Structures are given as structure tokens and as C-alpha cells.
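S.K.: Please work from the sequences and hints to get the whole structure.
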Amino acid sequence: MLAAARVNWIILRTCLEERLVYRADFAFATLMRFLPIVTQIFLWGAIYANAPTEKMNGYSYGDMVAYYLLAMVGRAFSSMPGLASGIARDVRDGTIKKFLTQPIDMLGYLFWHRVAHKLVYYLVATGPFLLVFYLCRDYFTGWPDGLTIAAWIASLAMAFLMGFLIESLIGLISFWFLEVTSLLFIYMMINYFLSGHMIPLDWLGGFGEAVAYLPFKYLAYFPAAIMLGHYSPAELGFELCIELCWVIGLLIVNRITFARGVRRYGAFGG
Amino acid sequence: MPAIEVRDLQKTFYVYRKREGLLASVKGLFHRDYKEVRAVDGVSFTIETGEMVAFLGPNGAGKTTTLKLLSGLVFPTAGEATALGHVPWKRENSYRRRFSLVMGQKNQLWWDLPAQESFRLHKEIYRIDATEFDRRLDELTSLLEVRQLIGQPVRELSLGERMRMELIAALLHSPDLLLLDEPTIGLDVVSQRRVQEFLKHYQAERKITVLLTSHYMKDVEALCDRAIIINEGKIKHDGPLEGIVDRFSRHKIMDLQFDGVSVPEDISQYGRVIESRPPRVKLEVPRNQIPEILSALLSRYNIEDVGVQERPLEEVIAEMFEADKSDKTAPAVEVTVGESR
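Protein sequence lines correspond, in order, to chains A and B.
Residue numbers for the first sequence follow the numbering used here, beginning at 28 and rising by one.
Residue numbers for the second sequence follow the numbering used here, beginning at 1207 and rising by one.
Simulated from the structure, these hints should not be mistaken for laboratory data.
This structure is a prediction, so every number in the text was calculated from the model and none was measured.
Just so you know, even glycine gets a beta-carbon here, dropped at the ideal spot from N, CA and C.
Some hints could be false.
Sample of chain B residues at the chain A side, in silico, Cβ under 8 Å [to be verified]:
no.: 1; residue: Phe1219
no.: 2; residue: Ser1277
no.: 3; residue: Leu1279
no.: 4; residue: Arg1302
no.: 5; residue: Glu1323
no.: 6; residue: Arg1333
M.R.: Quick look at the structure:
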């Protein structure tokens, strides 16, 4: 147990060092991700300026900005750029061999690699995020209670796990199909819409209620909705339990897929 | 005690046969033809603990696939194998801690970080004691002459330096079995020799079991006493290196130096001239006719010096594979399966 923790710590440390090598590229890429946030806020401003009523589907412009910013925080935890395509590339070119011949768990390794990726991202992104939230502070109603904040933090942690497990699962499909670019594109499209990244899920009426049974809402909508006070304490507990079940289920499916995938792995690429 | 035991091992791949052209590509969306490729076809051999064995064969012969089977990277279609008492494809950590696979064309080190960071990670992954780790790292970096380079990012190292770092990473946990796939591929002569010398020294010191594939016969001749030759997934020869030349070469090289400044014009009647630098000439002559040819030459010409050598191993093996190809094209001629232990 202690040895495994040490291995994970060294993996995390080494990955952090690796992430910091190309600091200029990384800082630039992180900062550029804020550009869509700003443009989206302006877009909603334009939509609301021409709206017949002050509120649309129960959201005022301020509510929408607050929702959008909180959904982006959720996305900062659940999005996993390059994870699935990285696994597929490693399977295709044979780099994955090192994970299969060394006494190391590939999924565990990728997990800590991603934790390092996120930690460096937060290090760079926290400042700009705080600035945006400060500039938009009037759109928030104030700090929620401790229970809501605790539930929000738990939902973000599980959003990270869920995002990781979904993308790694897509990556593992490359054991069968080698190329997963199209699959990943479809996932990104579905994710954008069904996670509540594009619009809040409660804008979708009956359809929104139906898709709420899927795991995608936990990637962006759910953490934002918690902070906006959309859930009662009882509902919060229930939703967090469901999210935990999704995480466990996805973990099991990942493990099965990996075990079956390596069985049919052809170890191409030399 | 055998370190590796392989019995009737088979690995079949199904490869998509894509026909040429755009139309064929479109058709391929609806129907695909797959070709069955038997990369390893009923291979059996045993390697004793402490042996250093060369695994030879042309491209696509099944060498690397066999190494992949023994390292647990791929599952076999049929057959059995044990390595260090483990079934490789079960991928038990207790086995993975005892062997290393080095692939000359694959980089296992962190590209953007100094090699020492990868070594530190290996220390934890393989649970190497800190004192032992320092001792081994010190020994290996000194033997491979890269002590000054371990703090430099891997991407900035030359190919030869990188391969030496790969070897260090592979040996830090002191494996009992080392699987080497083309460890000197792409290296210059100096780096090749350095790697060869190191492997020879290390294996002699530690008595570890080594299975090596290489296209460079110099590697093989410098390192191994025994060779397993594989072609089209089948073993053609398993035995001492010298045995290959005896068994498969029907010719020897006769090196003659004539008295005077020229080589007789009709010298080609005694054998195929492979090199002529008057007054020296090298002839390829049938092994079983050497006494008669030599006696005829000595009685007819004034010869100052004569030597008879075996043909280079590389040539003999290449000829053997060529012969296999010809046999395949000629119907009703069965390809003889060589001995296998």
C-alpha cells in the first residue's frame, strides 16, 4: 500500500516536471481557453438584449453568466484534452508496450499523469478564473452554505473521475479499432450538448429530464446547478450517490475493456 | 534449469488485404478480405539459465513476435511457454519485475526529462532499495560511460547515448532475463561496439539469460554462442553459431597469393572469383572439393601464400533465406524444418 502510494507520488512528481518543461506553450494554451468564455458571455449578452422578456426559461442574463462560469469550472475538472487520442496513439505506435512489460498499472499511471496535468492547469488558470469571477461578481447571489460548497467540491472531484474514465474508455476502444478520432468527435459533440456546456439542461424540458439519466450532466451542469442552489440537501445526497455509482460503473467497464483489449493487442509498431 | 521453455508456440494475425486504388478503398468500407498470417508457427525451444542466445531471421520471420510473446505483450493463438517459471502472457508482476524488454526502435524513457528522472521512476516501480539503486546506477553509468549525461533531457541525447540510457533503465532492477530486440539498430560502429562490449561484460558477470534479435551479424558473433534461426514463423536451425556455417554453407573461401604480379587468366575454372587484387585472388570453392582444387593449383602455379576461410555468417544466412524463397516458388518441394529443441 505504502509502496503503491510512493509509486503514484513519483509518477505525479515526474509528470508535473514534464508538464512544466514547455511552460510557454502551456501558459499560452491555458490562457487561450479563456477566450471562448469571454466570447460566450458577450454572445449571451446579445441574445438577452434582443429577448422579448428579461428571463428565458427561468434564467436572467445574470443567472446565465453565473451558470456558464460555474459550468466552465466543472469543465475545467471533467475535460481531458488529449487523453483518448493519446491512448489510441500509444496503442497504434506501440508506445503502450512499456506499460505492459513493466510492473505498473497503465490506467493508474494515466490517472496520475492527468492529475499532474490538471494541477499545473489550475496553477496557471486559477488567477484568470478568479479575475473573471471577480468581474462578474454581481451576477452571483452570494456564498452558499457549507453543505452546498462541500457537495460542489465532491461533485467536481467526481466530475474529474468521470471525465477521465469516459475518455480513457474511448481511448481503450483503440485496441479494437486503432483509430478513435471520429468516436471522440461524436463524444465531444454529445458532451458539449448533454453535459450542459452549451445551455443549461433545464432549458431542454422533457428531453433534458430524459438525458439527466445519462452520466454527461455530471460533467458540467450538476456542479453548476449545485452552486446555483437548484438542489435540496436530500436531492444533493441522492445525486452524489448516483454520480458515485456512475464512477464505479465506469471504472469496472474500464478495467474489463483494458483486460480484454490487451488480450487482442497485436503490439504493432515494431 | 531452463530459463525459457517454449512448446509449439503459435501466433496468427489477421491482416486486412487492401487492394490498390480509390475504388478498392470504397469497396473496403463494405467488405474486407483478411489474410491469415502465421507470424509464429509451432515454435519450440529451450534456453538454459545464463545462456545468451541469438534469434535470427529476415524481416517478418517471427523473431519480434516471439519476443513479444515471451514478454507477455501478445497472447498466443496456441502453444505453451514459460519464462523464469511464469506464463508470460499472464503478466504477473512477479514476472515483470524479473525481466526486461529493450526494443531498439522504441523509446521507454521520458523524452523531455533527463534520464535520471526515468531511472528514479523505475526505482519506485521496481521497488529497488535506495542504496542498491545508487550502487547499480553508479556501476551502469560508469560501464556505459554516460555518467555526465544522465542530467540531460533525453531528447538532446544522440541515438547511441539514448540506447545506453535505455539499457540502464532496463538493467536497474537487475533482471534475470533480458530480451533485446535490435539493440544496436541505427547506431554507428563505435556505439555498436560499446553496446556489444557492455552486454558481453554484463552477461558474463551476472550470468543473466539473454535472448537477442539482431540483423547485425557482428552483434551476434560478438555476443552469442548459440543461434536460433527462424523464417516464416518456423525454426530452421537451433544450435551453435559455427554449426550454421558447417550445415548451410556448401562453399569456402580460398585466398591465394601468386608469385609475380598477376593472377592466372583461367583461374575461374577452379571456383568463382569473388575478389581479385593481383597477385591476390579470392575464390569461392565447393567445400568437398578443396583438397583436389588446392592440389591442382599448387601443381600448376607458383603460389606464395594460401588460406582457406569459412564464408561470412551473414552471407550464409542470407543464402539460406534466399534458398527458402526459391523452395517456396518450386512446387512439390517441401521446406525442411530444422532441428528444434
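S.K.: Against each hint, give a clear statement of whether it holds in the structure.
M.R.: Status of each hint after checking the structure:
1. Phe1219: 6 Å, holds
2. Ser1277: 5 Å, holds
3. Leu1279: With a closest approach of 4 Å, the Leu1279(B) hint holds.
4. Arg1302: Holds, about 4 Å.
5. Glu1323: 5 Å, holds
6. Arg1333: 6 Å, holds
Violated hints are absent here; each numbered hint is respected by the structure.
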